[in-house]
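We have chain F; now place chain L onto it with these hints.
Just so you know, the sequences run in chain order F and L. Offset between the first sequence (1-based) and the working numbering: plus 41. Offset between the second sequence (1-based) and the working numbering: plus 17.
Hints are computed from structural coordinates only; laboratory data are not their basis. Ideal Cβ placement from N, Cα and C applies to all residues, glycine included.
Just a sample of chain L residues kept apart from chain F, beta carbon distances all over 10 Å, derived: (1) Tyr60; (2) Phe64; (3) Gly65; (4) Arg71; (5) Val72; (6) Ala77; (7) Glu82; (8) Leu159; (9) Thr184; (10) Val194; (11) Leu206; (12) Arg240; (13) Val242.
A short, non-exhaustive set of chain L residues, derived as facing chain F with CB atoms under 8 Å: (14) Pro40; (15) Leu112; (16) Ile131; (17) Ile220; (18) Ser227.
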Amino acid sequence: MLNRRENPVPALLYKVFVYGFGTLCLIYLVAPIVIALMMSFTAGQTLKYPPEGFSLRWYEALLDPVRSGTEHIAAWNSLKIAGLAVLGSLLFAVPASIGMTRMKRKTVNSIEPLLLAPLVLPSLVYGLAALIVANFIGFQPSLWLTVTGHIVVFGPLMYRAASVVAQGLNPSLAEASTTMGASWFMTLRRVTLPLLMPGILAGAFLVFIQSLDNVTVSLFLADASTTVLPLRMFALIEESLDVRVAAISGILIAVTLLGLLVARRVLAPRPQN
Amino acid sequence: MKQSGFPYVVPMLLLSVVFFATPLAVLVGFSFITKGGVTLDHYARFFGDEFNFRVLINTARLGLETVIGTTLLGVPIALLYWHSGRTLRQVIIFLTLIPMLTSNVVRTFAWIVILGRQGPISEALMALGITGMPTSLMFTELGLVMAMCQIDLPLIILPLIAILTRTQYSLTEAAQVSGAGPWRILITLMLPLMLPGLLAGWILVFASTSSSFVTQAVIGGARNVYVPQLIYREVGTLFDWPLASAIAVVLLLSTGCLLVALTMISRHRRLNGHA
Numbered sequence: 042m043l044n045r046r047e048n049p050v051p052a053l054l055y056k057v058f059v060y061g062f063g064t065l066c067l068i069y070l071v072a073p074i075v076i077a078l079m080m081s082f083t084a085g086q087t088l089k090y091p092p093e094g095f096s097l098r099w100y101e102a103l104l105d106p107v108r109s110g111t112e113h114i115a116a117w118n119s120l121k122i123a124g125l126a127v128l129g130s131l132l133f134a135v136p137a138s139i140g141m142t143r144m145k146r147k148t149v150n151s152i153e154p155l156l157l158a159p160l161v162l163p164s165l166v167y168g169l170a171a172l173i174v175a176n177f178i179g180f181q182p183s184l185w186l187t188v189t190g191h192i193v194v195f196g197p198l199m200y201r202a203a204s205v206v207a208q209g210l211n212p213s214l215a216e217a218s219t220t221m222g223a224s225w226f227m228t229l230r231r232v233t234l235p236l237l238m239p240g241i242l243a244g245a246f247l248v249f250i251q252s253l254d255n256v257t258v259s260l261f262l263a264d265a266s267t268t269v270l271p272l273r274m275f276a277l278i279e280e281s282l283d284v285r286v287a288a289i290s291g292i293l294i295a296v297t298l299l300g301l302l303v304a305r306r307v308l309a310p311r312p313q314n
Numbered sequence: 018m019k020q021s022g023f024p025y026v027v028p029m030l031l032l033s034v035v036f037f038a039t040p041l042a043v044l045v046g047f048s049f050i051t052k053g054g055v056t057l058d059h060y061a062r063f064f065g066d067e068f069n070f071r072v073l074i075n076t077a078r079l080g081l082e083t084v085i086g087t088t089l090l091g092v093p094i095a096l097l098y099w100h101s102g103r104t105l106r107q108v109i110i111f112l113t114l115i116p117m118l119t120s121n122v123v124r125t126f127a128w129i130v131i132l133g134r135q136g137p138i139s140e141a142l143m144a145l146g147i148t149g150m151p152t153s154l155m156f157t158e159l160g161l162v163m164a165m166c167q168i169d170l171p172l173i174i175l176p177l178i179a180i181l182t183r184t185q186y187s188l189t190e191a192a193q194v195s196g197a198g199p200w201r202i203l204i205t206l207m208l209p210l211m212l213p214g215l216l217a218g219w220i221l222v223f224a225s226t227s228s229s230f231v232t233q234a235v236i237g238g239a240r241n242v243y244v245p246q247l248i249y250r251e252v253g254t255l256f257d258w259p260l261a262s263a264i265a266v267v268l269l270l271s272t273g274c275l276l277v278a279l280t281m282i283s284r285h286r287r288l289n290g291h292a
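Same shape as in the complex, but just chain F (with noise of 0.2 Å):
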């Protein structure tokens, strides 16, 4: 046997490499949304770093009715278009991925690339794409108009959400409700759609923080009324960098950590390995 005194300079290297560094890089991932949060309570005049003291002042510009008007404005349309878009991919997403479980694979494999291919276009390429379109057949840039690209660019979010769950779906349970004698729409109401909640609540979340935070379609399908808050911020860090963008940017962190609070606490539940 040979004598295997093992170094240990390259274990603790290897240690220190994944421990040290890895940490470093995970505090290198939050480490901005922390600091965006911090500005957003400094009572400067500006966005020095470190901020200078802690008010509440620019949260205060914010709601403001007088001086944020547009801001009040830009939110209230983002809304709209995300909930409308989360209503529209609800409507076409959930029973293509209902579908899809029911179909032959490869069937489903020369479809899907079709369903999910504007997940990795660039969305700003489909965004002119279908401006030109809409020029052709003499439609005006609109709510409407972003609200139809919101659904055509973020509903297979929800099909890739939903379809994850439906493929875990045990088929006899449907087959079962429709043998005991309930209708087509007994079984899709009270065994399918309840089976398909965590998918669809999970593909929702994701489409509605899409479609709040999108630029690239909204920037060539919305008209000048209907101001969205991404591209309001855009403008607002543009022309001034307007401390008021830091108090916007605290509200939406504070959205999106309660959001996933919420998700963790519904779609957790699942003690399965």
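What follows is chain L alone, placed relative to chain F:
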């Protein structure tokens, strides 16, 4: 009797064909047409202009740099995940999801603060005595790559984590018992194991970088122009829609080719191991 699933799929299929595939086809057609008929003129104008061509190269380079950066940052996080217990694993997933679900504009805004003259990087460089006066990384490619890497990092971490969650821990234990050191395990076992996840991540990162309009416009500034801003400028201020279409088709083709290539590599049998 089994119902056919096809009627359920029809609405979304129609939506995709009418509202997605058709506009893209029209866009492609638009880029080839003038009053007289079919032409390559718009493409010739794009490639003939040295500035435009440099923008295309810049965009490809930015994508590549971001892919490399996210890989260098993502693999250590994946390894940390691999060596962690259940609770810590959940914390890592949570910390990855927060930035991913936070608005892109918000993340870009955070980087304006970080890279700016009064930001933490500038302050740190002054405190260390490396620079005598406040420095700004805004409007530089380095600053933009730093921001893009953080913004796209979740896109590479999540596929890696998905693979590692399915992998049995006994795999590395077996290698360890057989006498392999940690670095050897990393290079000959963990990295090949993670490769399909890396490929999936690279696709997402590259696709995201090549259309991240806001971050490029704000942090890149007027001096560093990338394809998305070029398209927007042609549409919004110069009203040259045919040229914008041609640029869009070039962007589509170049990302498309890369996606197909990476997808084909990831479908390769050897990568999927026992598949």
